[in-house]
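**Q** Chains as they are written, first to last, in this note's numbering: chain A, 1061 to 1323; chain H, 8 to 355; chain G, 6 to 312.
Treat the hints as calculated values from the structure; they're not laboratory data.
Here the structure is a predicted model, which is why all the values come from computation and not from measurement.
Each residue gets a CB set at the ideal place from its N, CA and C atoms; glycine is no exception.
Some hints could be false.
[Said to hold, decoys possible] Stretch by stretch, here's where chain H covers chain G in the computed footprint (C-beta under 8 Å, at least three residues):
hint, segment
1, 96 to 102
2, 176 to 187
3, 291 to 302
Letter by letter, the chains look like this.
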Amino acid sequence: MSRSEVSQGGALLKAVGVGKRFGGLRALHDVSLVLGEGTITGLIGPNGAGKTTFFNVLTGIYKPDAGTVHFSGEPLPVGRPHAVATRGIARTFQNIRLFSNMTVLENVMVGRHVRTHAGVLGAVFKTAATCREEAAIAASARGLLDYVGIAGQAQRIAGTLSYGDQRRLEIARALATEPKLLALDEPAAGMNATERTQLADLVRRVRDDGTAILLIEHDVKWVARLCDRITVLDYGERIAEGSPQEVLAHPKVIEAYLGRGAA
Amino acid sequence: MNARSRFINWGAAVLVLALPFATHALLGQGWVRILDFALLYVLLALGLNIVVGYAGLLDLGYVAFFAVGAYCYALFASPQFDLHWPLWVLLPMGALLAACFGVLLGTPTLGLRGDYLAIVTLGFGEIIRIFLNNLNAPVNITNGPQGVSLIDPLHVGPWFLEKTYHVGGIEIPLVINIYFLFLVAVGLAIRLSQRLEGSRIGRAWAAIREDELAAASMGLNTRNLKLLAFAMGATFGGVSGGLFAGFQGFVSPESFTLQESVMILCMVVLGGMGNIAGVVLGAVLLSVLPEALRGLGGLQEFLFGKVWVDPSNLRLLVFGIALVLMMLLRPEGLLPARARQREFHESQ
Amino acid sequence: MDIFLQQLVNGLTLGSIYALVALGYTMVYGIMELINFAHGDVVMVGAMVALTALQVLTGWGLPPGIALAMAVAMAMAVCMVLGLAIERVAYRPLRRAPKLAPLITAIGLSIVLQQLAALIWGRSYRSFPAVLPADSVSWHGVIITSIQALIIVLAALLMAVLLLLVKRTALGRAMRATAQNPGVAQLMGVNTDRIIALTFALGSVLAAVAGVMVAAYYNVGNYTMGFMLGLKAFTAAVLGGIGNIPGAMLGGLLLGVVEAMGAGYIGDLTGGYFGSNYKDVFAFLVLIGVLVFHPNGLLGSRAREKV
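Only chain A is shown next, with the shape it has when bound in the complex:
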């Protein structure tokens, strides 16, 4: 284990030697990543480097061909997204995937599903416990909308929100599952400078409130300012890992971003 992999604080997530193939394409090869509690970690790399694939393995959408992933010290369920979410990893998607015909509030309320319990009988007989739970779900969903700054939009249809607000809503929905780790897939894509700054503030606030963050982003400067640690992927392999300063000075990273000869 290299010096840079020694984790600070408790290791929340520990992926070792993760590999994934699609037919002849080696999408991920021997990728390891350690992520500490209370940190913001960036995952960067050129297009097609395997960042989203890694996210999909992590969140149970793909089954890895090799490697192990531990979360809070226990192996993470493989290939079962809902079980991963239950364990405390929530995510957003590169191409926003909201429940676009439901209201903004309902979207976040769906996120509460995994931490609530009312079943069919409760619903049918409208028991006191169910009503209380339903009220609590709505209240915490409203709270989260307020937290990300779109409380005024609660009753709108999710699909009609502006692009930036849809990204915020996706974050609120993910936070509703009470994650220990929030995985953001290109959260700043398509945002202007002001929105990016606001987003960075939001991400820090989430971190300060006790949720670790793993995020994919293209804008290296933005990532460098925001993240505690950065891992760089290229052609499915990890080429660098460390603090933003270390990583950005790494010859392989410069090569990957600027092309051979620039280093």
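Chains H and G: place on chain A using the hints.
**A** Chains H and G in isolation, oriented as in the chain A frame:
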């Protein structure tokens, strides 16, 4: 609720209560019977709506659950095995059994994508029917194609529905008794659907329908939730089956063909899936329309002095054309759910 | 062993017919993700048209071979027009509609076609004129009738032509492009409306041939005959992987053989408890079994969602 909508609600209630009496007086027993069946179809359509409208699963074999409920009632309340169990045991039993069949079918197949699931459910429906048709040998269970007859009439406590009652000079025959029994069942089913739709479970179904992968990533156990939708839908089917058997006094595999499944699906989609009012409208319309079209023979005679086209052909022909036209004119259904309406108009 | 080979021949005959009909389902599905519920009834129309034409033509004293060829041609022409009309009236206006809307118009059309056929040809079963020689060859106890041979050979020929058409011609390329991505195909200059219409025409022509085959094989035609056949063919298309042309062929043949074997062996396998009346159960169980282990059918490609 404002005064106007309260007025409308009361008006609707009075209409629904007076309908069988007016129909009986003006059109006769036969038409009240048609209303009874319309209510039964409403019940079935509401059940299928849970599966198709709420959870977004295309089920082409829904009639299988109807069959399970019907045979459950028929076998335990008829001379077939000389068992005569009461309604209040048999209806829940039929519902439970149907739910079990739903889970049985769903467990291996709910991972399948939409149209693959459709064909599997279709196959399941056919399998059930073929078994009902052939389980008269080597041991006679279902009495094969002849079906089970002499099924005990429906009794609700001290109320013998096959009797004609007289209340204040008004005659209440079997068909009207049945109307009110079915009306209660439909009322309960509507209430149940409303509560499910607005619950945590209903929200989860909607999420799965919208984007299954995102739903799973939010921690929804999509397989179990879909199974639940299947089982809930099946429950409605099972109850309707029991009511059908008791009302009809006779069941045979002929009543449970694929065409029947398809017709119930048409009711849901044409009415406006996911919207209870739409589903009710669709079911009433599609079950009454073919009966109303029976009048085409008389109409021909009236207009042309003789019957040119075989009325039974013409009836179905017009029905088919109506189905096509209604769908072309209102692709999102007659009374679409709010969300569906948006879906459609945004894609344009 | 004799029974086995005999049932294999019977199954391949039936399977060839299923395959031809399944192609219609699969091509339409591949291009517009629509279950064309009225397709089975197009098969029926083909059979009934050929049946009537054959009666008239042989009545005029034409030699059976020529009469049959002309009858088939007429059936193909009628079905082609019918297929085009169905697409134009019931599906094209609904291309952007919710997914289940065209399913309902398809069901409505299926009812319309059946009732029209009942008005034209009556409700009773009509026998197919015996124009084909009732010869058969016997080989090690396996009997192959001339009509079975004809069905299998003709079906194989048609499928080969179809495969060549799809894989080797510009039209086929346009069809595949439209199936992949209609929007992009349109940008590349493909007239997708025309391609979709052609797909319906092609499927309907194959359905017409299959209809004649079925009527000739069982010597009978009726306005309801398309329903069960369509259902089986659709099952076959799903079995092979819906949207996949070789899959429909394989699925059709396989379903035919499975059914024939089921009919031949269920009695023995279950100690006589279940007879050949369970052959459809057998076919559907095979379907469910295949889909449980192969969720996209035998040859269907794994549609991986872009996340």
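**Q** The structure should be examined with respect to each hint, and the outcome stated for every one.
**A** Against the structure, the hints come out as follows:
{"no.": "1", "hint": "96 to 102", "result": "holds (count 4)"}
{"no.": "2", "hint": "176 to 187", "result": "violated (count 0)"}
{"no.": "3", "hint": "291 to 302", "result": "holds (count 7)"}
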